[in-house]
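2 protein chains.
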Amino acid sequence: MRVVLLSGGVGGARLARGLVAIPEVELTLVVNVGDDDQVYGLEVSPDLDTVIYTMAGVEGPHGWGLAGDTFAMMDALEALPFDSTFRIGDKDAATNLFRTDRLAAGWSLTWVTTAIASAFGIAATVLPATDDRVRTKLFTPGGEWLRFQEYFVTRHHTDEVVDVRFEGAANAKPAPGVIEAISVADAVIIGPSNPILSIWPILAVPGITEALSQVRPVIGVSPLIGGAALKGPAHRVLTSLGLPAGNAGVAKAYDGLLTDLFVDKADSADRTRITSPRVRVTDIRIPDLAASTALARQVVGLL
Amino acid sequence: MRVVLLSGGVGGARLARGLVAIPEVELTLVVNVGDDDQVYGLEVSPDLDTVIYTMAGVEGPHGWGLAGDTFAMMDALEALPFDSTFRIGDKDAATNLFRTDRLAAGWSLTWVTTAIASAFGIAATVLPATDDRVRTKLFTPGGEWLRFQEYFVTRHHTDEVVDVRFEGAANAKPAPGVIEAISVADAVIIGPSNPILSIWPILAVPGITEALSQVRPVIGVSPLIGGAALKGPAHRVLTSLGLPAGNAGVAKAYDGLLTDLFVDKADSADRTRITSPRVRVTDIRIPDLAASTALARQVVGLL
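Same order as they appear, the protein sequences are chains A and B. Here the first sequence stands for residues 1 to 303, numbered as in the working numbering. Here the second sequence stands for residues 1 to 303, numbered as in the working numbering.
By construction, these hints were calculated from the structure, which means they are not laboratory data. Among the clues, some could well be false.
Identical chains blur together in the list; that is why a pair holds if it fits in one copy or across any two.
Unchecked claim - Lysine to any residue pairs mimicking SDA-like chemistry, simulated, CA-CA at most 25 angstroms apart:
| no. | residue 1 | residue 2 |
| --- | --- | --- |
| 1 | K265 | W145 |
| 2 | K173 | T114 |
| 3 | K137 | A104 |
| 4 | K137 | A105 |
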């Protein structure tokens, strides 16, 4: 069973971990790169790394980095006149240093990602949405366009988001393999990631939305529990951009692309509120591998 | 007593540590940047860091990096398809990451170096020879121009050096403060560094040699003991470039610039062999702080 998962960071990564544990599933991930940035001169790809680390079961406890990592480098940076808000562990730095070095040497992000996924023993194809530079920018009431990492890490996603753009997306091409994987997929799943900040930057790459519209089913898993994200600003960003609150907003954000939407039991009322896509109610909390695998089985069990 | 020390890495750094321990000495270092390079996307300045780490008494045991550093980042890189010959410890990576980030932000190398020296509590002014990009390249019988780090780290300085050039030097300007420090110095010392690979790239920056020629004394400390470098290829490079062997070659490499040259007891015969500069014979081995300070006192005692 060929499955494509569109994913941002933590939520999508946890569903990926469940999907990759199902032997019948040939999994291809198409991962958001709108959060990518240069930090301390390092090329960081937070969602790609979170997906790979989580599928390997070695992700850090707070939604970034590696479990049990040390911070000798960051601690040494404390002595220097330097804003070290963005914490990178020593082992995590190796991943970023590898990517920085290889991109500078002319490798594509796809090649770099394949090498990292392989080093972590991932039994799935992990693709960036694009090898081109797409950068999510957020407009706030302060009148500034913030880079994603500024918004999310430095300012703790407390700013209201009144507009969003994906710089570079209009001229980006899908990474090699993305359209091919979607076009032969038995199902596409849109993971429980922030629709606007994690999935829109994927859909903004010309060709991807068109390819998805040719595939059935396209199954969404809501990032909301009881109308709000467990972590992060997904529900706030939906409404501040003028979309409906809750899962109605999630459905609307995907604008007819979904055939099905999994929502949590806490949001079972959405079954009657939302007429399209078809709403499926289950326990979508996936705090551990067992829950991830159970949800993944339910989602692909539809096929 | 205002003293300027021209320095490469280990040897010059050890003399610097002795000089900075003498309360009467106001020390300005002018440090080689010809070995600087981009490694894994990081801006490395090996001689500047060695000088700072050594003066702080926290230098690594093998002539690079920091004492007691960990290598979690390098160990993690082993899992990736990556040439990790150039080892950078986790704390040492912080220095390099800081420099990379700040240079990218538009700071000069002088500013970056001042901040690093300050973080390590160095009571001397540490200046790069230039804020411009100067890169030492070595021509070998293999017909290749090697970057310094390729020659030194990757190939363990085993290639014969038949020519040398300092890319960018002709258009480089001395870093702010270099000419000023030299022109008011009571003495300039050229440290026990490789004359050709560590000191020539400093002298190649237009204005520095001219400024030195106005100052007396200019005191060299030989990098040779018994005609050979304790570490590194200094003696081999002298002869492969057609200079005399031993301290005669050191004197010749500085081409009339020195007023005095300190040589080791093992080379006391050079006192009669070399007519200019004046040869001073003493114990120039400086394996520890006590020896460094003793030699430094002798050298500045000349004044």
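Taking 25 angstroms as the upper bound on the Cα-Cα distance, should K265 and W145 be classified as within, between, both, or neither? Answer is neither; intra-copy 37 angstroms and inter-copy 68 angstroms both fail.
Alpha-carbon proximity context of K137 and A105, limit 25 angstroms: Between. Shortest inter-copy distance 20 angstroms satisfies the 25 angstroms Cα cut-off; intra-copy 27 angstroms does not.
State whether the alpha carbon distance between K137 and A104 is at most 25 angstroms within one copy, between copies, both, or neither. Both. Shortest intra-copy (24 angstroms) and inter-copy (21 angstroms) distances satisfy the 25 angstroms Cα cut-off.
Intra- versus inter-copy proximity for T114 and K173 (alpha-carbon distance at most 25 angstroms): within (18 angstroms within a copy, 44 angstroms between copies)
Hint 1 from the earlier list is the only one contradicted by this structure; the remaining hints agree with it.
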